[in-house]
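Kindly generate the complete structure, drawing on both the sequences and the hints.
The primary structure of each chain is shown beneath.
There are 2 protein chains.
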Amino acid sequence: MKKEDVPEIVVSRLPLYVQTLNHLLKEGKSVVSSAELGERLKTTSSQIRRDLSYFGGFGKQGTGYDIITLMESLRKILNLNQTWQVALVGVGHVGQALINYDGFNRKGFEIIMAFDESPKVIGKKFGNLVVKSINELEEELKIKPVDIGAISVPAENAQEVCDRLINNGVRAILNYAPVSLKVPEGIQLATVDPVLKLQKMTYYLK
Amino acid sequence: MKKEDVPEIVVSRLPLYVQTLNHLLKEGKSVVSSAELGERLKTTSSQIRRDLSYFGGFGKQGTGYDIITLMESLRKILNLNQTWQVALVGVGHVGQALINYDGFNRKGFEIIMAFDESPKVIGKKFGNLVVKSINELEEELKIKPVDIGAISVPAENAQEVCDRLINNGVRAILNYAPVSLKVPEGIQLATVDPVLKLQKMTYYLK
Chain G
1288 MKKEDVPEIV
1298 VSRLPLYVQT
1308 LNHLLKEGKS
1318 VVSSAELGER
1328 LKTTSSQIRR
1338 DLSYFGGFGK
1348 QGTGYDIITL
1358 MESLRKILNL
1368 NQTWQVALVG
1378 VGHVGQALIN
1388 YDGFNRKGFE
1398 IIMAFDESPK
1408 VIGKKFGNLV
1418 VKSINELEEE
1428 LKIKPVDIGA
1438 ISVPAENAQE
1448 VCDRLINNGV
1458 RAILNYAPVS
1468 LKVPEGIQLA
1478 TVDPVLKLQK
1488 MTYYLK
Chain B
1288 MKKEDVPEIV
1298 VSRLPLYVQT
1308 LNHLLKEGKS
1318 VVSSAELGER
1328 LKTTSSQIRR
1338 DLSYFGGFGK
1348 QGTGYDIITL
1358 MESLRKILNL
1368 NQTWQVALVG
1378 VGHVGQALIN
1388 YDGFNRKGFE
1398 IIMAFDESPK
1408 VIGKKFGNLV
1418 VKSINELEEE
1428 LKIKPVDIGA
1438 ISVPAENAQE
1448 VCDRLINNGV
1458 RAILNYAPVS
1468 LKVPEGIQLA
1478 TVDPVLKLQK
1488 MTYYLK
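Here the protein sequences come in this chain order: G and B. Heads up, the first sequence is in my numbering, so the first residue is 1288 and it goes up one at a time. Heads up, the second sequence is in my numbering, so the first residue is 1288 and it goes up one at a time.
Wrong hints could be hidden among the right ones.
Which copy is meant is left open, because identical chains are indistinguishable; a pair holds if it fits in one copy or across any two.
As the list claims (entries may be wrong) - Only pairs whose alpha carbons sit at most 30 Å apart, straight line, appear in this in silico DSBU-like list of lysine-lysine:
1) K1429 to K1411
2) K1316 to K1487
3) K1487 to K1469
4) K1419 to K1469
5) K1431 to K1407
6) K1363 to K1493
7) K1290 to K1329
8) K1313 to K1487
9) K1484 to K1329
10) K1329 to K1487
By construction, these hints were calculated from the structure, which means they are not laboratory data. Since the model is a prediction, treat every value here as computed from it, not as a measurement.
Below is the structure:
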C-alpha cells in the first residue's frame, strides 16, 4: 500500500499506539491483545485491528501482539528511528518552553536553531542554543537544511514566517500561533492551540 | 436537542468556527457563506451546515451567515461569555509558559492558582501568581473552587495530580504530561502533546 493510501486519521493514531505500547513495556508486559490496547486507548479492538491492517499483519489471532515487535514496526513506519532537526521561530515564553522541553529530545526531535526579531533575545542563549536574528533565517537554512519548523510568533506574523520556512525547504510545520495557517499541498501542518481544547470542554461545563 | 446528543466531534469543531469568524470580522467582513467558511476550515460547506444544524438555523439559504450573530451564538453555546478560572499544577518550563501566555486571558481563561512540589519554585512569583505547595491543593480548592485544572507535571506524577484535582471539584482537565490519563465518566479531558503531532508528520517526510 502506498503511503498516501492510508487515511490520515489512521496515521494520526499511530503515535498514540507507540506511546501506549511504550507504557505497557515499562509496566513489564511483553504481549498485548487488541482488546487491551483498545481499552487503554478508549477505542475498540476492531478499530485497532483495522488500523494496523493497513501496514500488514502484526499478530496472530488469539495470541495478541508482541509489544516490542509492534512498537518497533510502528516506529519504523513513522520514521522515528532517526533524529529530526527542527528550526524554531519565536523565542518568547512558548518558544523558550519548547527549547527547554526535554520531551522533544527524548523522542528524537532536536531544535538546532532558533530565530526571533526582538533585540531582547537575539544573541541570548537558551539551553545550548544562541538565538539568531530572523533576518538570518534564509542563510541558516541554506547552510543547515531542516525538515521541520516550529512557529511560536504572534498570530499576525505566523503566516509570513510559515511561508519563509517552506520557501527554504521546511516540509512540516508545528504551529503554536493561534491562527489557521495556509500551506501548499504536500506540506504537513499541525497546530497546537490549548485554547481550542479548553473552549470545547467548556461546552460541557454548564 | 440535549447537550449530550450533539456528537463530540461536532462540538470540537465549534471553537475553530469561532476563531475563523473572528478572523473574518477583523478582515472587515460582516457576512460569510458556508462555502467560504468551509474553504477557510478546509472542509465542505455541507459539513458546516450539518454541524450548525444541531443548534438550530443560523442563516437563510443563499444569503450567508451574519458573522457577529453566528459568532455570538456559538460563543454562547460554548459558554465563552464568562471567565473560566483554572488551577495549574506544575510550574516548570511548560507551566511558566502557560502562566505567561496572554492568549488564555484574552480568551477568557484565567489561571488563578499554581502549585508545585519543588522548593525551587514554591513561594516564587510568576506574573501575578505566587506558587503554592502542592500540599495546599485540597485546602485552596476548598476556598476557591475551580472547574478547570491544567497539569504540567512529569508523566509519572500526572495521574495522581489528576485524581486529586477531580476529587476536589475540578471537572475539566487540560493535560500537558505525555501520558494518557484516566478520568471518570462525565469529566472532560484534553491532552496537549506536540510530540504526537510531530510523530504523525514524520510519517510523510520520507
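Now the hints, each set against the structure:
Taking the closest pair of Cα atoms, K1429 and K1411 come within 30 Å of each other only inside a single copy of the chain (22 Å); across copies the shortest separation is 43 Å, beyond that limit. When the C-alpha separation of K1316 and K1487 is checked against a cutoff of 30 Å, the pair qualifies only between copies, where the shortest distance is 25 Å, while the shortest distance within a copy is 35 Å. Taking identical chains as interchangeable, the C-alpha atoms of K1487 and K1469 lie at most 30 Å apart whether they share a chain (23 Å) or sit on different chains (19 Å). Taking the shortest Cα distances, K1419 and K1469 sit within 30 Å of each other inside one copy (25 Å), while across copies they are farther apart (42 Å).
Taking CA atoms no more than 30 Å apart as the test, K1431 paired with K1407 passes inside one copy only; the shortest distance there is 25 Å, against 37 Å between copies. For the homomeric pair K1363 and K1493, the shortest alpha-carbon distance between copies (11 Å) is at most 30 Å, but the shortest distance inside one copy (44 Å) is not. With identical chains, the CA atoms of K1290 and K1329 are at most 30 Å apart both within one copy (26 Å) and between copies (21 Å). In this assembly of identical chains, the alpha carbons of K1313 and K1487 lie at most 30 Å apart only when taken from different copies (23 Å versus 33 Å within one copy).
In this assembly of identical chains, K1484 and K1329 lie within 30 Å of each other by CA distance both inside one copy and across copies; the values are 18 Å within and 19 Å between. Proximity of K1329 and K1487 under a CA criterion of 30 Å is satisfied in both settings, with 19 Å inside one chain copy and 19 Å between copies.
Violation of the numbered hints given earlier is absent; every hint is satisfied by the structure.
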